[in-house]
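Make a model of the complete structure from these sequences and hints.
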Amino acid sequence: MLQLRPLDPSFAIDRQLATDAVPVVLMNVFTLDPADEPIFLKAWQDDAAFMKQQPGFISTQLHRALGEHPTYMNYAVWESTAHFRAAFSQPEFKASLAAYPSSAIASPHLFQKVAVPGICVS
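With the first letter of the sequence shown counted as 1, position 84 gets the number 84 in our numbering; the numbers rise by one all the way through.
A couple of the hints might just be wrong.
[Stated by the list, open to error] No farther apart than 30 Å at their CA atoms in a straight line, the calculated lysine-lysine pairs in the DSS-like style are these:
id, residue 1, residue 2
1, K42, K94
2, K113, K52
3, K94, K113
4, K42, K52
5, K52, K94
[What the hints assert, rightly or not] Computed Cβ-Cβ distance ranges for the label pairs, DEER-style:
id, residue 1, residue 2, range
6, L97, A35, 15 to 21 Å
7, P38, P117, 43 to 49 Å
8, Q90, D36, 22 to 28 Å
9, D33, C120, 35 to 41 Å
If you're looking for bench data, these hints aren't it; they were derived computationally from the structure. Using N, Cα and C, we set each Cβ at its ideal position, and we do this for glycine too.
The following block contains the structure:
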């Protein structure tokens with residue numbers, strides 16, 4: 001089963017879910033044992049397919065860190081925390097966490113875009 005380790009221990013994902021914001025980006029870093037990589041990829045693919053069907057889902061992308069030890073980073077764009085909260089709270093999604101290998105540790109955090117004049121828009 002997937003273990004959760006907050007990126008910011010003072011503001012874990014459950015507190016983030018209670019904050020209303022639009023739009024939001026979920027950044028999730030995963031670490032796991034090399035032998036568990038195929039199991040992890042299948043579990044993530046199944047979860048992504050489920051999330052893709054949920055209202056408010058915009059997009060997702062999985063990245064693998066360079067190097068020999070499997071570290072992955074996923075980002076998913078949602079219309080709002082309310083949409084992500086609804087999807088994250090689905091019993092089917094919660095049950096799917098059992099498919100992840102026991103070595104998998106996820107560090108999820110929600111972010112919002114920031115406007116920097118002359119560089120990027122929010």
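Could one say that the CB atoms of D33 and C120 fall in the range 35 to 41 Å?
holds (37 Å)
Quick one, are K113 and K52 close enough, alpha carbons at most 30 Å?
It holds: about 21 Å lies between the C-alpha atoms, which stays within 30 Å.
Between K42 and K94, is the straight-line Cα distance small enough, at 30 Å or below?
holds (16 Å)
Using the Cβ atoms, figure out if L97 sits within 15 to 21 Å of A35.
Because 19 Å falls inside the window, the suggested range holds.
For the pair supplied as a hint, K42 and K52, confirm whether the alpha-carbon distance does not exceed 30 Å.
Satisfied, since the Cα-Cα distance of roughly 15 Å is no more than 30 Å.
Return holds or violated for the Cβ distance of Q90 and D36 against the range 22 to 28 Å.
holds (24 Å)
Verify the proposed pairing of K94 with K113, using a straight-line Cα cut of 30 Å.
Holds, because 27 Å separates the two Cα atoms, which is no more than 30 Å.
Given the hint that K52 pairs with K94, test it: the Cα-Cα distance must not exceed 30 Å.
Given pair K52, K94 holds - Cα atoms ~16 Å apart, limit 30 Å.
Kindly confirm whether 43 to 49 Å is satisfied by the beta carbon distance between P38 and P117.
Holds: the Cβ-Cβ distance is about 46 Å, inside 43 to 49 Å.
Every hint, counting from the list given before, is met by this structure.
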